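Peer 1: Residue strings, one per chain:
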Amino acid sequence: MNTLTISDVTLTFGGINALTGVDMRFEPGLISSVIGPNGAGKTSLLNCISGFYHPASGEIHYGDHRLTHSSPHQVSNLGIARAFQNLELFRGMTVLDNLLLARHQKLNYSFLQALIYFGKTSRIEAENRAYVEDVIDFMELEPYRKRMVGSLSYGVQKRVEVARALTLDPDILLLDEPMAGMNIEEKEDMVRFIIDIQKERETTVILVEHDLGVVMDISDNIYVLDFGELIGAGKPAEVAKNKKVIDAYIGEN
Amino acid sequence: MEDKDHLLQYTIPQLLRWRVNTTPQKVALREKEFGHWNPCTWEQYYALVRKTALGLDRIGLQREDKVALIGDNIPELLFVAIGTHALGGVSAGIYQTSLPDEIAEILNYLDVSAVFCNDQEQVDKLVEVRDRIPGVKKVIYEDPRGMRSYRSDPWFMNIKALYALGDTAHREDPDRFEALVDRGKPDDPCHLCLTSGTTGLPKGAMMTHRNYVNMGVQITKVDPLEPTDEYLSFLPFAWIGEQMNSFGVAMATGITINFPESVETAMDDLKEIGPHFMFGAPRIYETIRSRIWLKIDESYWLNKKVYTYFIKVGEAAARYRMTGKSMPLALRIRSWLGTQLMFRPLINQIGLLRLRRAYTGGAALGPELFTFYQAIGVNLKQIYGQTEITGIAYMHRDGDVRPDTVGKPLPGTECRISEEGEILSRSASVTPGYYKLPDKTRELLEGGWLHSGDAGYIDGNGHLVVIDRVSDVMHNRRGDMFSPMFLENRLKFSPFIKEAVIFGDQQDFVAALINIDPIVVGKWARDRGISFSTYMDLSAKPEVAELIAAQVHSINSQAEKDHFRIKRFAILYKLLDTDDGELTKTGKIRRKFVKEKYQNLFEALYDESVVEKTVEALFQYQDGQTAAVTTAIKFYTMEGD
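Residue numbers (the working numbering), protein chains in the order written: chain A, 1 to 253; chain B, 1 to 641.
Hints listed in this document are in silico derivations from the structure and should not be mistaken for laboratory results. No false leads were slipped in.
Only pairs whose alpha carbons sit at most 20 Å apart, straight line, appear in this in silico EDC-like list of lysine to aspartate or glutamate:
| hint | chain 1 | residue 1 | chain 2 | residue 2 |
| --- | --- | --- | --- | --- |
| 1 | A | 106 | A | 171 |
| 2 | A | 146 | B | 31 |
| 3 | A | 187 | B | 121 |
| 4 | A | 146 | B | 268 |
| 5 | B | 595 | B | 579 |
| 6 | B | 32 | A | 127 |
| 7 | A | 146 | B | 272 |
| 8 | A | 146 | B | 264 |
| 9 | B | 160 | A | 200 |
Label-pair distances were calculated between CB atoms; the ranges are:
| hint | chain 1 | residue 1 | chain 2 | residue 2 | range |
| --- | --- | --- | --- | --- | --- |
| 10 | B | 144 | A | 17 | 46 to 52 Å |
| 11 | B | 302 | A | 126 | 39 to 45 Å |
| 12 | A | 220 | B | 64 | 46 to 52 Å |
| 13 | B | 353 | A | 125 | 27 to 33 Å |
| 14 | A | 185 | B | 600 | 43 to 49 Å |
| 15 | B | 149 | A | 234 | 22 to 28 Å |
Remember, it's a predicted structure, so these values are computed and weren't measured experimentally. Beta carbons: idealized from backbone N, C-alpha and C, even for Gly.
Extracted from the complex, chain B is given alone in its bound form (with noise of 0.2 Å):
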């Protein structure tokens, strides 16, 4: 494998000369656009890239000035960007969902001076908070439609106008570009990455061009990529998870990146493409595992036959090539032909053929998500990092995939676990800090590693295994770590439990009230013979409670740590509900006011010499009418565990 440490000298633009130097002809991006994917060589991209540079420092941009990217995922938006870099200014992605508010504060924020739009929908953002960004002094646009009104106007520019001017400054001086790119140096800042801030305004965290470059060259010394592999883009630009793949893999490997013809269209233009490596969130996997699904529900009888069978064999396949085992040999016969009869042309059918490796990251993906990905032979592993370490420092290795971990450290990235149980992170990918923000950076860069504000440790076996924000933490009575969402997620891995609310902040042990999913238990019982009338008599069931005892008794056996282990729980009566002021919007449990509103049968929890207790249930009906109702709880203690 070719040595690319070389590599980390330059910055982005002299790093995208290097590429036209070394593989001019070669196509860098590719857009689809009339129906048509239109490429662009690394040549033409270099020359793109110069008209936009030049084009802007004609209308006035200076070194360290700042320039917006609000939109859908175009190839312009690379040229702006990296023309900004090459004039040595500082481009700043914002997520084109954005309220016209929002856009205005992280304008201001960042002293922003140039916005490049790319359509219509986002110059109407602008437009409507025109009169409080007196920072910015032009709006570039790439897609003219429906703004007829705003031609005349000088604030605006088409995108085009301004490569002409790019133009006419090259015909000038010729050799102002290449002074420009050679001016830049790799630890310069140049892009500022929004942090998702869960309270307030979101912190820009200043990237560097290493910072990118390190990321590209040190996760392709584990997952190799050729110049001849495809990338599409379709996450957020404004995500550090898109930078890292346009600015560092694609620079850093001269893969190609191609661009989907609308944001709809994403799924269609994956099955034309046949990426050979792809990268997202949590849910893109789900929403791919439901198509699937649905194809072979839709298809006629062998198929789904064939399926079931070998889904069976490539998950019992899955697991010994998760982990490294070898295999027994008939069931590598009997893999082989899934693959060849079964998977192959199913996987072909999504676009995920030619896919080598597929990464998940930013939320926990299920257990059983990585078996059947595995198993359908797609590669599917996890990655962890944040914005401030270029998104990425631990990740899985193959044939080391396990799915309760996030892997091993990047090349180049060390790691340590605080006393207080923090993971902390160092390497030339991490932020030099947060724009105008020193307080937060000295927080944030404490003692010269990266505070990830995650509590994790490091297993048996060398992975990181995150649990939850440190903040989220709780602490049992012997000051044990523990945390409730990690313990909850495993609950809710089991099919039969919907929602769990774990208990044990400053408590001898952890205990659990559970919701159980009443379509998912509703059907078991109704193979058993049970009868149940409402959701409240089905959960007071006693084999229900026996099933549910069963799944926390397996969830305890594979607790990595003894105080992780549920000693009691109680099913609740209903499901825990937004509007009953038990979730937020977003289906996070309200932990402190579920607390209060079940404080009586928290109080029973631990005081283990309660069996059952009666308590009056509150129902509130669409109407606005409440309607008490008294039921009996149980409370069950798990013995031997």
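Excised from the complex, chain A in its bound form (with noise of 0.2 Å):
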């Protein structure tokens, strides 16, 4: 697995820095998380990592990878896969066919050989039920498999939001604020995903998240950002001991 690794990145929109200088490193195998107050830029990393924004400035690097310029497509092709904030699901269909479609990507029969359909479409539309099913299994999605998106709760829809970005079957997995507005037993249960996820699917996390409790309990890595510059980094434990960081938090100067 390799490295992302983010050099001096600037965002800027009209003359507003969203980011500025920012310098980054998410090892492989690592829960990294990215905290900072709201309006400090989280997101917008997020964007630059899967191709929605383009910095003005700086690189960003996965393995030998160049994808500063790179378009959704072409990062996700590379094994990074994101779960969104605001839940980007297909409202009025099943859990189920919202997984599949994920995979679109994966399909790689054509037009033609479709229309036929025995043969080899059969066989990779059966693998790729099968690897579906795999993460339904491990989202513990079972009982909400043939359920309208729309119709479940929302805990569970951020738990069908993670599950999309993981039929992927990523590197990275970039999650961001999957917390957010959850309860205390939602919020165990996801925490418990995540770090499965990190140890039994090997897969690199980098989690945006509010939960200052939760980030500090399960990231390996914390990076924080505040109006765009990044003001802090380490272990958690440094993290929490940061001055600037602190001052950032309770709003003082």
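From the two separate chains plus the hints, produce the assembled complex.
Peer 2: Listed below in structure tokens is the structure:
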């Protein structure tokens, strides 16, 4: 697995710097978290990594690949998947269909083969379903397999969102506030899922999260952003002692 | 019908082998995993039991060693249990909801040497109490998820590793397993079943191979099953009801046991499997009825109209069918129409279309539920029994379903009512006793009869009627026995009565304090233009009293014995509540406390000259403040009953 490196990235929106000279390194196999107050640039950073935004200056590298100007589908083909903060699911489709659809880029049969169906297409579709079922089992979504996404509770929808990112069999999983708006029990479940994703599926996790308790408990590394600048980095214990970080959170100078 | 009595000579593993020799390729088990129903034939079943048994043999399990099973229902639970039986060992089921402390106590009491868990959740409980369970040598788990940090610890073992050990052992000594199976005797204990102790630690009833096999043989003499029948395993395995089916009935009949994907999906899996018989506590049937009502409620108007019409027809027909009487032709035609137009499609939606029989046991089920299920074409019947008699001893026969009884004894079961009114039974399914509790065993099996601890009587049709626990029954001043709970339940079957407390121990007659149901009675009052402000006001209305008196009257008219009649009652001004200490956390009445708290009302109930009494009611608000209200409470005497 490769390391994701962000070097001196600056992102500008019409004269306002969303990110200013940010340097980060995401080591493979670890859970790294990005924290910071509202508007600190956390989601902008994820958008830069996943190719929705392109930085004004600076570089993003994933191993040998330069992601700085890649488009979202190129990034996802490299094995970087993302779960969104505001659910981006097809509400009128079942959980199963949402997950199957997410794997469309892994389906390498042609239109003609699809018309014939038997042979290659049917085999690929079967493998595809088997993979999706594995994810359903992993995320414990069995009771909801055939339910419309729109009819599910918010906590379950969040789980579907993470499951959809997992169906891409990613090396890096970007999670944008997976625990926002959840109750304690749902949070505990989600934490367990994140740790299992890291350990059992050997996936690098980049987590953007507001719940500091969770972040401190499960992260290997933490990066702290404030007004687009990196103000702290390190292990959870180091970050917790960092004066700038404390000030940024308590709101004093 | 084939005679199955010859099966009684086998132990469970021997019976499994007999199945393999008769129908090796038939599907014995099916488990839903990754959205797929994966079949397992009798031959494969036997091979997996062999792997498990020889694996356990390799890790040093001896004859009479105990293996505990904790987890959701999965086929591996059966492999480990029957593998243990093959070795001459004893399996024991522990509820998956048990807390770590409880598990530690049970493991020590039962001298367990190995534990099988289905997943990390259960394994973690054992880790928590590891230093207190020195007897446990091995923890075997099925689902490796989340177990990464335990991998290097030799205390834990994946079931796959156990299978591998078993395979190696089988290659080295191919005759060992068969020799082990041959060694078993049908009267050896094979399973320890925990009985739900209401106080203190549960007792472990020792169950023999013959107990289970006899149950499977006898029950299918009454209600035969075909080998092609399906069963869905969703009851907790630690409960006798599930073992009875998977050890006894399945082995005796060759039906297929299906394991749901997860506990949460059981109801959906029920629909996919369409079982031919099912077994459950009353709660399950209540849940299914609510689902049906919800479906009808969400449906469009025509469906609702058709349903409302045919459910009445169905209930009328059910009353004939339950008692085996022949129906008038017109009703038969309408009932047939209802079945075709409404109820067949309806129960197909729930997955009950193929169901020939459904059994309920463990607690009382409202008579209206029996009628409801019989009306929609589900043959729901009551069973009665204890863990100590392998679950079932009494059962309704088809066409003779009486909601207030528990039916007649199974073939080979003798029934007797003791002098004290206790139900005694005797059959080949009675346990040899409790594990390590000789005193309790003596009490249980005194005089060669199983003492149920329940009071009851045999009615005119030869059906057994269960009244209550012997310890809970009351005797009036003449010494006649009656059950307060039995009468309270009768009252509570009325939709207008929410709660009732029966008095009458060492008194001349039975009296009741009644709580009206605020929602139902409230609606009833509004529909009749009776205005009221609070619950207290509503319960003091004379119209409400008349309504309740009519209910009590109809219950009195059904009373089997004269001394069951409720002579006087009063309607209480407040709902009995857990917060006020009147009910237990599980909603049972704390009789003694209620009697002391309402001592003045109790006295007035038994003073027939009192018609009205002014009482001061204390109320506690949510913030802890109390307020006193003075109210008049009326006492009613049932005349002519």
